[in-house]
Amino acid sequence: MIVDQAVYRDGKRMHCGDLSDELELLRRRGEGFIWIGLKDPTDAEFALVNDELQLHPLAVEDAVKGNQRPKLEVYDGSLFIVLKTLRYVEATSDIETGEVMLFVGDQFVVTVRRGEANPLAGVRSGLEHSPEHLEHGPLAVAYSVIDSIVDNYTVIDTELEEDLDRIERQVFSGSREVHAPSIYNLKREVLEFKRASVPLAEPLRRLAEDEELPGMKDEARPFFRDISDHLLRVNDHAESYDRLLTDVLNAHLAQISVQQNDDMRRISAWVAMAAVPTMIAGIYGMNFDNMPELHYHYGYFIVLGVMAVACLGLYRAFRRSGWL
Amino acid sequence: MIVDQAVYRDGKRMHCGDLSDELELLRRRGEGFIWIGLKDPTDAEFALVNDELQLHPLAVEDAVKGNQRPKLEVYDGSLFIVLKTLRYVEATSDIETGEVMLFVGDQFVVTVRRGEANPLAGVRSGLEHSPEHLEHGPLAVAYSVIDSIVDNYTVIDTELEEDLDRIERQVFSGSREVHAPSIYNLKREVLEFKRASVPLAEPLRRLAEDEELPGMKDEARPFFRDISDHLLRVNDHAESYDRLLTDVLNAHLAQISVQQNDDMRRISAWVAMAAVPTMIAGIYGMNFDNMPELHYHYGYFIVLGVMAVACLGLYRAFRRSGWL
Amino acid sequence: MIVDQAVYRDGKRMHCGDLSDELELLRRRGEGFIWIGLKDPTDAEFALVNDELQLHPLAVEDAVKGNQRPKLEVYDGSLFIVLKTLRYVEATSDIETGEVMLFVGDQFVVTVRRGEANPLAGVRSGLEHSPEHLEHGPLAVAYSVIDSIVDNYTVIDTELEEDLDRIERQVFSGSREVHAPSIYNLKREVLEFKRASVPLAEPLRRLAEDEELPGMKDEARPFFRDISDHLLRVNDHAESYDRLLTDVLNAHLAQISVQQNDDMRRISAWVAMAAVPTMIAGIYGMNFDNMPELHYHYGYFIVLGVMAVACLGLYRAFRRSGWL
Amino acid sequence: MIVDQAVYRDGKRMHCGDLSDELELLRRRGEGFIWIGLKDPTDAEFALVNDELQLHPLAVEDAVKGNQRPKLEVYDGSLFIVLKTLRYVEATSDIETGEVMLFVGDQFVVTVRRGEANPLAGVRSGLEHSPEHLEHGPLAVAYSVIDSIVDNYTVIDTELEEDLDRIERQVFSGSREVHAPSIYNLKREVLEFKRASVPLAEPLRRLAEDEELPGMKDEARPFFRDISDHLLRVNDHAESYDRLLTDVLNAHLAQISVQQNDDMRRISAWVAMAAVPTMIAGIYGMNFDNMPELHYHYGYFIVLGVMAVACLGLYRAFRRSGWL
Amino acid sequence: MIVDQAVYRDGKRMHCGDLSDELELLRRRGEGFIWIGLKDPTDAEFALVNDELQLHPLAVEDAVKGNQRPKLEVYDGSLFIVLKTLRYVEATSDIETGEVMLFVGDQFVVTVRRGEANPLAGVRSGLEHSPEHLEHGPLAVAYSVIDSIVDNYTVIDTELEEDLDRIERQVFSGSREVHAPSIYNLKREVLEFKRASVPLAEPLRRLAEDEELPGMKDEARPFFRDISDHLLRVNDHAESYDRLLTDVLNAHLAQISVQQNDDMRRISAWVAMAAVPTMIAGIYGMNFDNMPELHYHYGYFIVLGVMAVACLGLYRAFRRSGWL
Ligand SMILES: [Mg+2]
Ligand SMILES: [Mg+2]
Ligand SMILES: [Mg+2]
Ligand SMILES: [Mg+2]
Ligand SMILES: [Mg+2]
Ligand SMILES: [Mg+2]
Ligand SMILES: [Mg+2]
Ligand SMILES: [Mg+2]
Ligand SMILES: [Mg+2]
Ligand SMILES: [Mg+2]
Ligand SMILES: [Mg+2]
Ligand SMILES: [Mg+2]
Ligand SMILES: [Mg+2]
Ligand SMILES: [Mg+2]
Ligand SMILES: [Mg+2]
Ligand SMILES: [Mg+2]
Ligand SMILES: [Mg+2]
Ligand SMILES: [Mg+2]
Ligand SMILES: [Mg+2]
Ligand SMILES: [Mg+2]
Ligand SMILES: [Mg+2]
Ligand SMILES: [Mg+2]
Ligand SMILES: [Mg+2]
Ligand SMILES: [Mg+2]
Ligand SMILES: [Mg+2]
Ligand SMILES: [Mg+2]
Ligand SMILES: [Mg+2]
Ligand SMILES: [Mg+2]
Ligand SMILES: [Mg+2]
Ligand SMILES: [Mg+2]
Ligand SMILES: [Mg+2]
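Protein chains in written order, with our numbering: chain A, 39 to 362; chain B, 39 to 362; chain C, 39 to 362; chain D, 39 to 362; chain E, 39 to 362.
There's no promise every hint is true.
Pairs involving identical chains hold if they fit within one copy or between any two copies, as the list cannot separate such chains.
Unchecked claim - Derived DSS-like pairs (lysine-lysine); straight-line CA-CA distance at most 30 Å:
(1) Lys232 - Lys50
(2) Lys103 - Lys77
(3) Lys77 - Lys109
(4) Lys50 - Lys77
(5) Lys109 - Lys255
(6) Lys109 - Lys232
(7) Lys50 - Lys255
(8) Lys77 - Lys232
(9) Lys103 - Lys232
Keep in mind the hints are simulated off the structure, nothing from the lab.
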């Protein structure tokens, strides 16, 4: 689906008529560019665009098939950039991964979006309100798209941190629930996050440093390095969430195991305490003819007393060794 | 066994007569190439081919002995490439490893296949239907073979992901089975997968970047980089399956241990509850002459009541502390 | 908030009047520099400074938003440095992270501070007492600030080591407390520490080695390498605390589990010992008509003796196998 | 001990007379070389050889002291190579490490062997049967020695794999033995293996690539790269055995713990079942005057029935919850 | 404290008079050097030396403060080297860390020693007995000092290996002691060892390879590479001790847990066996009027037999399932 397409000249949006006419006009003038926004394009829709722009077949294959790794390719003077978009679903603490692909030529930029996350929503209107940025051409669009996606990573980074904090609080609150599955789930989401953000570091490094990227101007590099920087920060965080989750799992297992063993010890101690009077009662329940104690007037009460004293003694001993 | 051999000129297949005559003809014309397909060749069969093509003895040794690491070697102007083929056996979730070796000269390509997996099946016929690819010569054949093998990696990647998902569901379903062996088995298959795919990254990087590979043209490089890209993606995935399997094992052990301890606690609590009436009954089973309670008219019923109340009290206390 | 601002010429502090007048004067003379100290500046406060110094917008954005990664950027001939400051709260063994940012031009230096830690307190007054350092200009200020921050890292390094030592003592003292949460907490603080100190290694390496840093003189490099050195040492330590904490956790869990199992074994052994007399007593409590032992004159006492002997035998056996 | 020494010219073995005469002769002719084989040489024995060949003192020190790391050194135009030899003792699954050192000059090669493993046994006789290899001089000897040692690594690699397979089968067979010590032992042997093979990668890489090795010809390089390749394969394997052993240990512990807890649960369930009739019997063993049930004609049989029903009910409940 | 100082010319020791006179004399002659040995110098003592030699203030700061990372710095044509010395205390298996610093100029060498370990004891006298080494000047002294320190690392490496072996023997001997604390302690010492030896690799590599070190001659490089080699070997070992200790801890915990659970199972099995006669006895202890068995003449003996048979049956069943 073609979401939107427009021609931009001097930072101002113009109507975009027939694609091939507009492209010829742009080439003749040598300034301005066309920006085409696609969403989940079919082969046919993409063919319409590609007929005019003559994109590299490998880039086209990637754009149509989707599900690529974040990367940056240079094909005959134009850039092809793949980014992963992330969406955080609060209810389930689930991260969903989408994709944005950018074809950046000297007089055109094509954005292809896949998946539910819509990080491009505000980018076009934002840029149309700041013509001084749009004037810099297709790479300014690429910058805005990437910046918006990476800014969103930092938002999700915060969500993950919150989820980790919540799990830590639950685990260390002393409650008796088992949190292993939710720790594992969070670890899985952190991994999904890292799968999107970690491989983007290299393309961003090249945008900031590679001397041979077509169309890149030196004064634009610090802007890409700035994004690169924010990316490295979230990557650092993700790495530490990953490691902390392993540690929190171990600490959690320790606590559960200790609690359960504690309960068992307590129950066993009570059983042990009951075993003593039972044994004594058993002895005086024997039917021997000659058991002198049985005929003592206070024999029964003395034995009751002995039982009580034994239990109390055991109770104290168990208290003292921390078993009760 | 020689599976198939043919001469290709202008992208079209021609009959291949006597090997040495055909090679001489090709060399004289300076265009076209011969493609020989071998499967588990014996020394003698390989010698026939080698007598004409004069391959490097080390490459020949590797091809005859098999069981090599994925790699790329340049010997006197021709390439020698080793790849691992993988086959996924659905019934047992087992990965089986085979091998494909490629000798790529300027006017010949020899493919040697070992093991059950047959990733070359469709490659020759596929290429014969697209003469525009075959025209590019032996390296186009190499590209198609490697592309087909790596595409198959992505298929197996999906199978592994499914197996991991299934294990996760089983582990977190709360069932009481022990899944440690199947987790370990899957880990072993993931390792077998990585052993095939991870070392291929370097040969593919060289095919995409190395300036000194004989016969490589610049416009072919992006195609090899494209494969390289897909390979990196499956390598990423395999790495994360590996780590997740460790985590899932830990979480699984936690759950089993918690469940079992829970059961023990429950059984012990019931035993503890039975111990109280037993103890009381023991006391009133004693044979002392003077036990006034025994002569109360409702003594027996009162004691039964006391027992019931004690058990109920214990039951409530155990419920409250979550032991029952 | 502007904390302090002054002009320094020949290593001596001078009053700083209107900012733009002072800057023009400095530029005309070609020597001396201005040092502006800010704390948690608002956009408006920062704009006042920026109007005169024309800092790069990306650096300004970082300074106003805060929460950056340690880094070093070169923007049009001036340096922008971000550092994390750390504060150790003795009572809670908590590390708190703040931030210091430095804009270092050839005739100005701006320090921006965020967070509670105040590592710059003594730096300005210290420098004002050693004019021979101040003479070297803005980079001497940068050196002093970074040196002071990294010196503080070594102080906190010591605190962390003390905390680790304390935990080790507690864990290996044989007490029955569970220390998993405090081990985890310390690990978290170590990670916070590493998040501040590890990424600073690269900026310091560049200050010591990068040939193209504006304003850097060769004789200043060893001083930055000296800081770099101290940083590497604390990074080494932090890494080893991290690993030791994992090991101490494992050793701790081992001990707790062993202790608890020990207790259970002891309780069970006592219960087992009580079971024997109970069983014997039960036998002689049976009501068969014909039980000859019951009529032996010393039957009761013999049975008591048998019980005692059995218990003693068990006790000895349990002692011998280490169960009691 | 001097094991063997001979002069080789044109690939043919000749008798070796007085060492210094032979060396002078070789130098005058400018072709042929001498090959001296030593085993555990004493200082004196080594001095005899060294007097003539003037080896570098550091290499001599290493050769006499032994126990070095695998490495390659270039001393004044001659190579000094250290390799670890491995021997697998089937009975104990133990790996034993020995050492081979090579001094490779342009007209001499000295091989020094330490330890029981004898990987050089077949090398000399093998070379003497293929004069076309021997013609290439001292480096051909070095190649054969290294090739033979690394070939032996692949043999041991297979043994280790077998041992791992055996342990896996034992662990997952469901038997009740504890295999932790043998898992640990195998891990130790794998580490001994890695200590020999992993550091050899760098010397082999240099033999295959370093442009400045004295005496190395370009056509010899692929042969050393071939060994390097085989080495990388065994190194990969060793690494994965190492990791799998950790996993197998964890899975093993899981199984043992589960089995033992299972047993405990089963025993406790039986004890719980016996507790119910014991309790009921206790009640009707009480000596109250007024216990109407005692006088029912079928009271005893009814109670026996109640006991049986209770036990059966418990048995069924335990079966249903998987405790029995 | 100045431990010793002397002038060396032509490899021979000469008396050293007033420091500044001697230095002037040495400079005029252009040969010979002075060697000053300090131990835990105070600021004042160091100032005396520094006044004459004009060392770099950062090196001086490090030497006076101590507690540096192993490193190599070049300051205006002279080298500053920091090494960690280690001492192994047999009684407590404790490693103690000291420090040696070297200032190496073209006509002076200053050695500064801190801590109890005294690795320099034999170095000066050793060198004075081999004038052919001393002739090479200050770097020969540096070589001897570093060689002696690294040789000592290999001694301690052996001690650590012995300690690891001892722990392994204890753990796998089947004894019932808990070794977790001593495993942890050894791990800590291994880490202390690595903290001293691992960072020394880089300085030694530079001494062996860096083309720009002042005063270094090419024929001296192999000697430093030789030390570097020995260092790499002990680093390898330390790394493997570290990993083995983790594995031995896991295997140890496994064994303890298995042993304890085994004990519990055994005790519980005995308790279960006693529960059966107790239950039967309880039944025949009931006071029903109509219990025909009680009046059988051999009833009592039959029941005793039934009890014995039941116990024996249970005993056999428990034996068969490996519970006893
Ligand atoms: Mg959330
Ligand atoms: Mg998700
Ligand atoms: Mg941003
Ligand atoms: Mg949230
Ligand atoms: Mg920024
Ligand atoms: Mg930004
Ligand atoms: Mg499957
Ligand atoms: Mg398989
Ligand atoms: Mg493909
Ligand atoms: Mg499937
Ligand atoms: Mg692609
Ligand atoms: Mg493709
Ligand atoms: Mg503290
Ligand atoms: Mg904190
Ligand atoms: Mg400092
Ligand atoms: Mg300092
Ligand atoms: Mg403190
Ligand atoms: Mg320094
Ligand atoms: Mg074996
Ligand atoms: Mg061994
Ligand atoms: Mg070989
Ligand atoms: Mg075998
Ligand atoms: Mg080979
Ligand atoms: Mg070979
Ligand atoms: Mg310092
Ligand atoms: Mg010792
Ligand atoms: Mg120590
Ligand atoms: Mg040495
Ligand atoms: Mg030496
Ligand atoms: Mg010792
Ligand atoms: Mg040596």
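Checked hints:
1. In this assembly of identical chains, Lys232 and Lys50 lie within 30 Å of each other by CA distance neither inside one copy nor across copies; the values are 38 Å within and 47 Å between.
2. Taking identical chains as interchangeable, the C-alpha atoms of Lys103 and Lys77 lie at most 30 Å apart only when both belong to the same chain, with a minimum of 13 Å there against 33 Å between chains.
3. In this assembly of identical chains, the alpha carbons of Lys77 and Lys109 lie at most 30 Å apart only when taken from the same copy (19 Å versus 37 Å across copies).
4. In this assembly of identical chains, the alpha carbons of Lys50 and Lys77 lie at most 30 Å apart only when taken from the same copy (24 Å versus 40 Å across copies).
5. For the identical chains of this complex, Lys109 and Lys255 are neighbours both inside a copy (20 Å) and across copies (23 Å), given an alpha-carbon limit of 30 Å.
6. Taking CA atoms no more than 30 Å apart as the test, Lys109 paired with Lys232 passes in both settings, with 14 Å inside one copy and 22 Å between copies.
7. For the homomeric pair Lys50 and Lys255, the shortest alpha-carbon distance inside one copy (21 Å) is at most 30 Å, but the shortest distance between copies (42 Å) is not.
8. In the homo-oligomer, the alpha carbons of Lys77 and Lys232 lie at most 30 Å apart inside one protomer (24 Å), although the nearest pairing across protomers, at 35 Å, exceeds that limit.
9. When the C-alpha separation of Lys103 and Lys232 is checked against a cutoff of 30 Å, the pair qualifies both within a copy, at 22 Å, and between copies, at 24 Å.
Consistency with the previously given hints fails for number 1 only.
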